[in-house]
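Engineer: Keeping their order, the protein sequence lines are chains A and S.
All residue numbers for the first sequence refer to my numbering, where the first residue is 23 and numbers rise by one.
All residue numbers for the second sequence refer to my numbering, where the first residue is 559 and numbers rise by one.
Incorrect hints may appear among the rest.
Quick look at which bits of chain A chain S covers, simulated, 3 or more residues with Cβ under 8 Å [as the list claims (entries may be wrong)]:
1) 48-55
2) 179-191
3) 378-387
Quick partial rundown of chain A residues pointing at chain S, CB under 10 Å, derived from the structure [unchecked claim]:
4) THR58
5) PHE69
6) GLN195
7) GLU248
8) LYS251
9) GLY341
10) ARG345
11) THR353
12) GLY361
13) THR363
14) GLY364
15) ILE366
16) THR367
17) LEU369
18) PHE372
19) ASP374
By construction, these hints were calculated from the structure, which means they are not laboratory data.
Heads up, the beta-carbon is just placed ideally off N, CA and C, and yes, glycines get one too.
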Amino acid sequence: MKITFPHMGDAYISVKVLLDELGLDYYMPPVGSHETMEIGIANSPEFMCLPFKKVLGDFINGLNNGADTILFGESGGQCRMSYYGDLMQDILRSMGYKFNYIHFNFSHLTYKEAARNLGPFLTGKSKLSVIKAAVNAGWTVFAVDKLYALSRKIRCREIKHGTTDKIMREFEQKAQTVHGFKNIHRALTEARKELKHVEIDKTFEPVKIALVGEIFISSDSFTNLEIEKKLGNMGAYVHNTMGVSEWIFKHFIKYMIPFNRRDKSIEAAQPYMHTDDIGGHGIYTIGNTELLSHGSYDGIIQIYPFTCMPEIIAQTTLGEIQRKNGVPVMTLILDEMTGETGYITRLEAFVDMLRFQKEQKYEEKNQKEPIKHPKLKHVS
Amino acid sequence: MNPYYLGIDVGSVSTDLVVTDENDTVIKKIYLRTCGKPIAALTHGLRILRDELGDIQISGAGTTGSGRQLASVIAGADIVKNEITAHSIASKKIIPDVRTIMEIGGQDSKIIFLKNGVVCDFAMNTVCAAGTGSFLDRQAERMEIPIEKFGEYALRSKNPTRIAGRCAVFAESDMIHKQQTGHSEEDIIRGLCEALVRNYLSNLAKGKEIVGPVMFQGGVAANIGIKAAFEHELGLKMYVPEYYDVMGAYGAALLAKKKVKKTCKPTAFYGFENAFNEFETRSIECDGCSNQCEVIEVRVNGEVRARWGDKCGKWSNLSVAV
Chain A
23 MKITFPHMGD AYISVKVLLD ELGLDYYMPP VGSHETMEIG IANSPEFMCL PFKKVLGDFI
83 NGLNNGADTI LFGESGGQCR MSYYGDLMQD ILRSMGYKFN YIHFNFSHLT YKEAARNLGP
143 FLTGKSKLSV IKAAVNAGWT VFAVDKLYAL SRKIRCREIK HGTTDKIMRE FEQKAQTVHG
203 FKNIHRALTE ARKELKHVEI DKTFEPVKIA LVGEIFISSD SFTNLEIEKK LGNMGAYVHN
263 TMGVSEWIFK HFIKYMIPFN RRDKSIEAAQ PYMHTDDIGG HGIYTIGNTE LLSHGSYDGI
323 IQIYPFTCMP EIIAQTTLGE IQRKNGVPVM TLILDEMTGE TGYITRLEAF VDMLRFQKEQ
383 KYEEKNQKEP IKHPKLKHVS
Chain S
559 MNPYYLGIDV GSVSTDLVVT DENDTVIKKI YLRTCGKPIA ALTHGLRILR DELGDIQISG
619 AGTTGSGRQL ASVIAGADIV KNEITAHSIA SKKIIPDVRT IMEIGGQDSK IIFLKNGVVC
679 DFAMNTVCAA GTGSFLDRQA ERMEIPIEKF GEYALRSKNP TRIAGRCAVF AESDMIHKQQ
739 TGHSEEDIIR GLCEALVRNY LSNLAKGKEI VGPVMFQGGV AANIGIKAAF EHELGLKMYV
799 PEYYDVMGAY GAALLAKKKV KKTCKPTAFY GFENAFNEFE TRSIECDGCS NQCEVIEVRV
859 NGEVRARWGD KCGKWSNLSV AV
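Put together the whole structure using the sequences plus the hints.
Structural biologist: Given below as structure tokens:
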């Protein structure tokens with residue numbers, strides 16, 4: 023039995039830890055490969071979203087490379103009428119592949135179902151080793167997200183251009199090649215140490231941008247054309263509201279807590295959309311835009327794949343939020359046809375705009391101060 | 559010797575060059591068709607400038623447009639800026655309190671909103687090029703009407719035909735259908751202008767408030783039919799600046815001046831003589847990793863001047879050696 027799994031951003035690092043620690047045989051499709059994506063595009067309905075095409079491409083690549091078992095988790099909801107994972111299976115079967123499909127739908131996953139699906143993998147393994155593997159994998163998810171968050175903080179302030187990118191690239195290369203929790207842990211620690219030693223300009227005040235939108239595109243640097251890197255190198259600090267750790271937290275950890283408080287961002291979205299769910303992560307897009315446009319960020323970028331229904335619904339409210347709070351919101355729609363030049367133009371123009379606005383705000387402040395306390399100055 | 563500044567806008571359809579003096583006055587403007595050969599168009603433009611202006615001193619150069627990176631490598635630039643910033647800087651110079659800028663070029667269209675002299679919002683067409691210059695060009699060609707006369711035809715119409723303007727392909731088939739049912743050319747052209755304006759406004763300005771003064775620029779601003787249709791739809795006067803077709807290049811020249819004044823460094827502009835060199839570009843597909851980046855290489859007289867397009871910097875760092 024050989025397992026394969028699809029990519030979503032940096033999630034592969036923790037999946038690798040889990041499978042390595044359980045001692046299972048697996049094949050990982052190449053990270054960020056145009057070739058696998060092309061295969062996915064060729065075999066998907068044209069108006070399917072880019073994440074679907076990318077995931078399908080990874081599956082085909084995995085099956086072509088000797089895997090016979092697919093491990094796939096989706097958060098489901100109303101995304102494509104909950105037909106996402108099933109449709110993928112149908113396409114693969116119609117292509118003539120024979121495989122074992124382990125499909126988790128996290129929006130209504132029960133422990134019983136999880137145990138039944140995972141049972142065959144865990145025969146002969148002690149409960150303790152399984153729990154240990156799960157805990158290590160869980161730790162990795164959060165540690166990796168933390169590392170990327172740190173890199174975003176450093177990148178926009180670094181003095182020598184490209185230092186952060188180099189460290190992160192080396193980390194990614196290591197994460198893709200080394201095996202086992204111990205080695206991943208070491209790579210993580212080394213990268214964190216190196217990042218902390220990067221020389222930064224502490225006085226520099228970057229423009230702050232929050233990223234909201236569809237979770238796959240937001241967290242997958244290959245499909246979002248490295249938006250975090252691009253903005254960071256333009257001198258903008260990026261906060262990504264969507265990440266794998268966020269996803270794990272929402273779909274696993276929150277389910278374990280019996281006493282569940284309503285999500286803050288869902289609460290914040292209520293004035294604009296009187297419901298808890300518009301499919302996918304659309305409601306979080308609205309809520310996060312509202313929450314983060316009260317001064318903590320200079321601008322917000324919504325990013326989603328072409329034809330993503332929940333985000334199209336969410337987008338209709340963003341104009342209203344922008345008018346109300348006065349913080350600019352830009353929407354970027356991506357698919358396999360996206361030209362990178364036009365994409366960079368929009369990002370650059372957005373950062374320029376925010377910087378000019380910020381400069382103007384500071385100038386106004388400086389002009390106002392002497393008028394505010396003319397007497398104080400005179401006395402001193 | 560008086561310092562002059564050069565602005566270059568390499569767009570998909572046109573390549574524009576502007577030379578300004580110390581007072582930000584346009585001394586010379588050149589509007590050329592790119593014809594898919596940006597380097598040839600750019601060097602041709604530089605040669606014209608040298609022939610007409612003689613050996614003037616360029617103290618700063620800026621590039622903008624979709625080919626801005628290539629242009630900066632070929633000509634040498636002190637600043638490389640996106641079109642939104644360049645256009646807003648140029649428009650502000652002409653009408654300081656401008657609130658809305660509409661720009662329709664060959665392949666893209668944009669709308670820029672300003673508040674207190676600072677850009678506060680903008681939008682660019684995303685997935686569709688319907689309603690941009692190339693489409694109008696094509697229709698004019700098909701109807702055998704010179705593009706310069708297109709606007710006049712539209713203004714002569716009393717009863718515009720309704721054309722489906724959502725998509726360029728459907729608009730064309732709708733136009734053909736209307737021609738075949740006997741509508742006059744004038745009515746169809748005016749209908750097309752109105753359809754394009756509707757499409758532009760619903761695509762770019764949806765849910766956004768358009769406040770005057772409004773400036774209209776880009777190649778399509780020469781079309782009085784489109785201008786009239788905008789004014790009719792918005793109920794606002796559209797100001798078309800004198801150099802409407804080279805506003806991006808003008809903005810780039812202004813930005814270059816600002817940058818040079820700030821840094822006090824000598825310009826990175828290679829000089830007009832540089833335009834007589836032999837330029838060669840080629841693309842390499844790197845097989846170093848699964849990214850398979852397409853690397854672009856520019857050679858001047860056989861020597862590598864720059865490389866770009868790689869994600870990891872393996873190739874672009876090499877160019878420093880030259």
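Engineer: If a hint holds in the structure, say so; if it doesn't, say that too.
Structural biologist: So, going through the hints one by one against the coordinates:
1. 48-55: holds (count 4)
2. 179-191: Held - the region 179-191 of chain A has 4 residues with a Cβ nearer than 8 Å to chain S, which meets the minimum of three.
3. 378-387: holds (count 3)
4. THR58: holds, 8 Å
5. PHE69: Constraint on PHE69 (chain A) not satisfied, violated at 12 Å.
6. GLN195: holds, 8 Å
7. GLU248: holds, 7 Å
8. LYS251: holds, 9 Å
9. GLY341: Nearest chain S Cβ about 4 Å off; hint holds.
10. ARG345: Cβ of ARG345 (chain A) sits 8 Å from chain S, so the hint holds.
11. THR353: holds, 9 Å
12. GLY361: holds, 9 Å
13. THR363: Status holds, d = 5 Å.
14. GLY364: holds, 7 Å
15. ILE366: holds, 8 Å
16. THR367: holds, 5 Å
17. LEU369: holds, 9 Å
18. PHE372: Cβ of PHE372 (chain A) sits 8 Å from chain S, so the hint holds.
19. ASP374: holds, 5 Å
The earlier numbered hint that this structure contradicts is number 5, and it is the only one.
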